[in-house]
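Visitor: Given next are the chains, with one letter for each unit.
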Amino acid sequence: MSQLEMLGLSLTESERAAIRRRLGREANALELSMIDVEWSEHCSYKSSKHLLKLLPTKGERVLLGPGYDAGVLDIGDGDIVTLHIESHNHPSAIDPYGGAATGVGGILRDILSLGTRPIALLDSLRFGRMDRSPNSKWLFQHVIRGIADYGNCTGVPTVGGEVDFDSSFERNCLVDVVCLGIGKKEDIVLAVAKNPGDSVVLVGGSTGRDGIHGTTFASRDLSGKDSEDRSAVQIPDPFTKKQIIEATIEAVKTGYVAGLKDLGAGGIACGVSEMAYAGNTGVDIELSNVHLRETNMQSHEIMISESQERMVFVIKKGREEAIGKIFKKYGLLYSIIGKVTDTKRMIVRQNGKVVADLPVEVLVRAEPAPRDVKKPKYIDELGKVETPEPKESLDLIMMKMLSSPNLASKRWVYQQYDHEVGARTAVKPGHAGASVLRITDEKFLATKVDGNPKHCYLDPYNGTAGILAEACRNIIAVGAEPIAMVDHLQFGNPGNPEVYWTFSESVRGFADYCNKFKLPCVGGKVSFYNEDVQTHAAIKPTPLAAVLGLIEKADYVRNAIPSEDNVILQIGETKSELGCSEYQNQIFGTVGGRVPKLDFAAEKASQRTVSEGIRIGLISSVNDCSSGGLLIAVAEMCMLSGLGSTIDIAKCPSSAKRWDEIAFSESHSRFVITTSKANSPRIAELASKNGAKCTEIGTFKGKIFDVVYANKKLASLSVEKMKHEWETAIPRLMGDAK
Amino acid sequence: MKVAIIRFPGTNCDFDAYHVLKNVLHLPSDLIWHEEVDLRKYDGVILPGGFSYGDHLRAGIIAAHSPAMTQVKKAAEEGKPILGICNGFQILAESELLPGALLRNAGLRFVCKWVNLRVDSTSTFFTSGLKKGTLLRMPIAHGEGRYFLGESEIKNLERKGQIVFRYVDEKGNTTENSNPNGSLFNIAGVSNEKGNVVGLMPHPERASEKILSPFGSSDGLAVLGAFAKTVEVMARK
Chain G
1 MSQLEMLGLS LTESERAAIR RRLGREANAL ELSMIDVEWS EHCSYKSSKH
51 LLKLLPTKGE RVLLGPGYDA GVLDIGDGDI VTLHIESHNH PSAIDPYGGA
101 ATGVGGILRD ILSLGTRPIA LLDSLRFGRM DRSPNSKWLF QHVIRGIADY
151 GNCTGVPTVG GEVDFDSSFE RNCLVDVVCL GIGKKEDIVL AVAKNPGDSV
201 VLVGGSTGRD GIHGTTFASR DLSGKDSEDR SAVQIPDPFT KKQIIEATIE
251 AVKTGYVAGL KDLGAGGIAC GVSEMAYAGN TGVDIELSNV HLRETNMQSH
301 EIMISESQER MVFVIKKGRE EAIGKIFKKY GLLYSIIGKV TDTKRMIVRQ
351 NGKVVADLPV EVLVRAEPAP RDVKKPKYID ELGKVETPEP KESLDLIMMK
401 MLSSPNLASK RWVYQQYDHE VGARTAVKPG HAGASVLRIT DEKFLATKVD
451 GNPKHCYLDP YNGTAGILAE ACRNIIAVGA EPIAMVDHLQ FGNPGNPEVY
501 WTFSESVRGF ADYCNKFKLP CVGGKVSFYN EDVQTHAAIK PTPLAAVLGL
551 IEKADYVRNA IPSEDNVILQ IGETKSELGC SEYQNQIFGT VGGRVPKLDF
601 AAEKASQRTV SEGIRIGLIS SVNDCSSGGL LIAVAEMCML SGLGSTIDIA
651 KCPSSAKRWD EIAFSESHSR FVITTSKANS PRIAELASKN GAKCTEIGTF
701 KGKIFDVVYA NKKLASLSVE KMKHEWETAI PRLMGDAK
Chain V
1 MKVAIIRFPG TNCDFDAYHV LKNVLHLPSD LIWHEEVDLR KYDGVILPGG
51 FSYGDHLRAG IIAAHSPAMT QVKKAAEEGK PILGICNGFQ ILAESELLPG
101 ALLRNAGLRF VCKWVNLRVD STSTFFTSGL KKGTLLRMPI AHGEGRYFLG
151 ESEIKNLERK GQIVFRYVDE KGNTTENSNP NGSLFNIAGV SNEKGNVVGL
201 MPHPERASEK ILSPFGSSDG LAVLGAFAKT VEVMARK
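Residue numbers (the numbering used here), protein chains in the order written: chain G, 1 to 738; chain V, 1 to 237.
No lab work stands behind these hints: they were computed from the structure. There's no promise every hint is true.
The calculated lysine-lysine pairs, modelled on DSSO-like cross-linking and capped at a C-alpha distance of 27 Å, are [claimed, not checked]: (1) G/Lys-703 <-> V/Lys-113; (2) G/Lys-723 <-> G/Lys-58; (3) G/Lys-443 <-> V/Lys-22; (4) G/Lys-597 <-> G/Lys-53; (5) G/Lys-253 <-> V/Lys-2; (6) V/Lys-171 <-> G/Lys-721; (7) G/Lys-553 <-> V/Lys-22; (8) V/Lys-171 <-> G/Lys-723; (9) G/Lys-329 <-> V/Lys-73.
Here are some chain V residues pointing at chain G (derived, C-beta under 7 Å) [to be verified]: (10) Phe-110; (11) Val-111; (12) Arg-206.
Ideal Cβ placement from N, Cα and C applies to all residues, glycine included.
Let the sequences and hints guide you as you build the complete structure.
Guide: Pasting the structure below:
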């Protein structure tokens with residue numbers, strides 16, 4: 001066994017050669033361990049950095065963009081918002097409860113690292129099909145419980161998200177968490193160690209052996225050996241986290257905190273060296289000062305452990321005691337582990353003896369890993385697939401779709417989350433696509449995370465641009481203007497040229513949307529090596545977009561709940577785009593065909609129409625029309641309000657030929673909106689001024705969901721019956737409903 | 001005239017209660033860390049919700065044995081109004097300031113949703129201005145809220161008017177479906193014999209502003225408003 005294997009390291013031969021060249025000597029075992037975690041894909045972005053440069057990161061509200069623990073936006077009056085996204089995919093696949101809980105814990109620390117208070121969580125979850133696999137049910141149930149227990153206990157509301165089931169996530173579920181924080185501009189603290197002489201203080205959880213090699217574990221495929229992988233998952237402690245939140249906010253207010261960073265991936269080795277690199281300084285660490293949970297820990301274990309609930313503070317010289325008092329008040333352990341120096345070296349000592357001495361630059365700057373690209377063959381082949389003509393009645397099709405877990409009500413999930421704590425949640429989960437949080441009486445934030453691996457599988461460029469458009473439409477639908485986004489790019493092994501091609505197309509999709517809509521990307525994450533442990537097949541490409549919106553007047557806040565006698569309008573055009581739709585998937589089980597393409601000009605026209613319509617006061621309720629298509633969007637509004645609807649889909653703005661295309665295509669740039677009969681012509685005028693297609697298609701009234709196509713009645717369903725099916729679908733699968 | 005809002009490690013609805021008292025009811029209040037509690041200068045106490053001590057051992061039990069609660073007991077004896085919301089209710093029950101216990105929800109899962117409450121007793125400091133049978137809409141958010149007490153003791157509570165709130169349907173009936181956690185007799189909140197100590201699982205502080213209510217309601221103010229009035233009266237004494 002080589003030394004590398006004994007340490008469990010994943011550095012390649014060429015990386016080892018580069019280390020030798022840059023150091024001018026062989027690195028010792030501890031140094032190699034530290035470089036190994038820093039140079040892992042997870043920490044270094046070595047395969048993705050050059051492509052991520054395509055994303056625009058500046059904007060009038062952007063105070064800090066990518067490269068920090070979270071993006072920072074200026075929302076006026078001295079208020080700032082922080083935004084970040086993280087995943088905990090591999091840990092959750094092995095230990096769904098602990099993996100998901102520590103995923104939440106990690107992102108809370110990211111938000112806290114800027115000195116801001118976390119105020120909302122969202123999660124985007126992907127599992128295998130629950131009807132086919134008990135394992136997927138097990139993962140689903142415990143991931144939800146992990147998120148709930150952690151978020152609820154820390155008092156940060158989980159206000160939204162999405163859940164999606166697809167067989168490509170059978171053994172590699174995706175658990176993504178988005179977090180928002182708020183604070184004051186003058187209190188921002190950065191992850192930087194600038195002044196030699198300042199103290200480096202480790203606060204919170206004690207350091208143990210849990211989570212060792214968590215980053216390298218995230219940067220390779222799962223081994224398939226459960227016991228081996230499980231020790232790489234960390235242990236959650238939300239109660240301690242709550243104390244860390246309160247202590248950090250209190251400490252930051254003193255003005256004595258010169259730098260702040262969470263310890264997550266890569267532990268002390270990464271956290272401390274990155275702060276020194278950012279401050280162009282060095283650090284000198286004494287390992288015997290670190291408060292430990294276990295005895296006989298090796299130096300490399302202490303340096304790279306990813307034990308939870310830890311933060312690193314750089315405290316101004318002489319102010320250690322004042323800050324220590326705050327930690328004590330909240331019952332937190334802390335230790336002064338070192339000093340900031342001017343050497344630009346990371347020196348690690350054990351009882352005074354130097355055990356590692358590396359230039360910070362070598363540690364932090366990994367060798368770039370160039371990757372080959374090749375368009376996968378399946379894309380053109382599946383593109384030719386035609387969706388069969390429907391044989392069943394629309395009544396039956398609707399009931400089948402409403403009871404599919406992807407389209408069914410997610411109440412079973414969000415009822416387990418405290419989504420009200422904080423007294424801010426003005427638009428709650430289930431009431432609209434996006435959630436709305438009150439900041440002041442007249443200032444609100446809207447937030448939404450979206451993904452669509454089915455679309456991205458066949459067309460990663462349009463699929464990716466499309467999910468960002470969809471997230472923005474959700475933000476606009478609740479009355480907000482998008483002000484920033486963060487992305488999360490989740491793919492298989494980047495060494496596979498076909499996987500890397502989908503990755504590069506995806507980045508291009510985000511970049512084009514951001515540039516055309518002047519939407520800054522203020523942060524993000526890349527997660528590679530998402531593969532099935534048994535088949536080694538990569539997951540479907542799963543980029544995610546989380547968008548933040550600002551509402552500057554309480555009057556603009558909207559939800560998707562219509563009132564009786566509201567007329568229904570469709571904004572935007574439906575195209576013949578059933579490819580990889582929920583309809584195709586649920587009713588025919590086929591995959592392929594024409595996936596929705598994003599027409600940037602049409603998207604802009606629709607978004608502008610809705611945004612202006614809300615601001616003038618013409619639009620009363622809005623639903624984004626995407627997954628499941630038009631009929632699902634209208635049905636959701638019926639079930640939310642308890643009202644029936646009568647629509648004629650022949651009236652829809654559409655270039656599609658078949659009625660089921662009009663009903664279920666997932667074409668972009670569309671909204672379903674409601675208004676009064678009298679205001680309907682004014683919306684048509686507004687749409688035409690903006691160049692958007694728009695027609696009145698029906699009314700919300702009665703208790704029956706009626707669909708006609710020209711003169712032919714296609715569906716007539718009791719809303720109560722639909723609602724029952726929709727609301728009990730997931731509880732029934734989980735054994736919680738009759 | 002001032003209200004004390006007590007913070008234990010893990011309390012997380014403290015700021016919400018403070019916000020409503022300050023910005024909606026304009027009632028002066030202080031957030032007080034449990035180790036710094038001195039209730040002599042306060043006219044009322046709120047024990048807000050959250051997860052005091054991480055719900056370790058059992059929800060509310062560690063806080064119930066803290067020195068801060070010795071003072072709360074004294075304030076209760078003096079007749080000051082004391083309100084326990086959610087975890088605050090659990091702490092009051094564990095300290096035996098209120099009868100009964102709050103067990104794990106019948107469905108074994110945490111439940112966050114809006115419920116209908118019926119006011120069944122108007123002889124407390126928190127419901128005195130209301131009519132019996134009034135319906136209030138508020139959210140719940142808890143994993144351990146199943147009210148439990150021996151049957152004969154419950155009859156006693158009923159007789160003495162100590163059952164303050166019940167979970168009901170939209171029409172005001174106590175049904176199985178309207179009971180979110182399996183509480184005995186749909187009990188959502190109780191009081192002590194004097195009526196100055198009340199605990200309830202639902203969150204009035206989250207239901208006090210129209211913008212936060214899916215119904216455009218602000219029913220939480222019925223409870224917190226009555227509390228504010230009592231505090232004013234106490235302060236004048």
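Visitor: Does each hint hold? Answer for all of them.
Guide: Evaluated hints:
no.	hint	in the structure
1	G/Lys-703 <-> V/Lys-113	holds, 25 Å
2	G/Lys-723 <-> G/Lys-58	violated, 44 Å
3	G/Lys-443 <-> V/Lys-22	holds, 19 Å
4	G/Lys-597 <-> G/Lys-53	holds, 24 Å
5	G/Lys-253 <-> V/Lys-2	holds, 26 Å
6	V/Lys-171 <-> G/Lys-721	holds, 22 Å
7	G/Lys-553 <-> V/Lys-22	holds, 22 Å
8	V/Lys-171 <-> G/Lys-723	holds, 21 Å
9	G/Lys-329 <-> V/Lys-73	holds, 24 Å
10	Phe-110	holds, 5 Å
11	Val-111	holds, 6 Å
12	Arg-206	holds, 5 Å
Hint compliance for this structure: hint 2 alone is broken.
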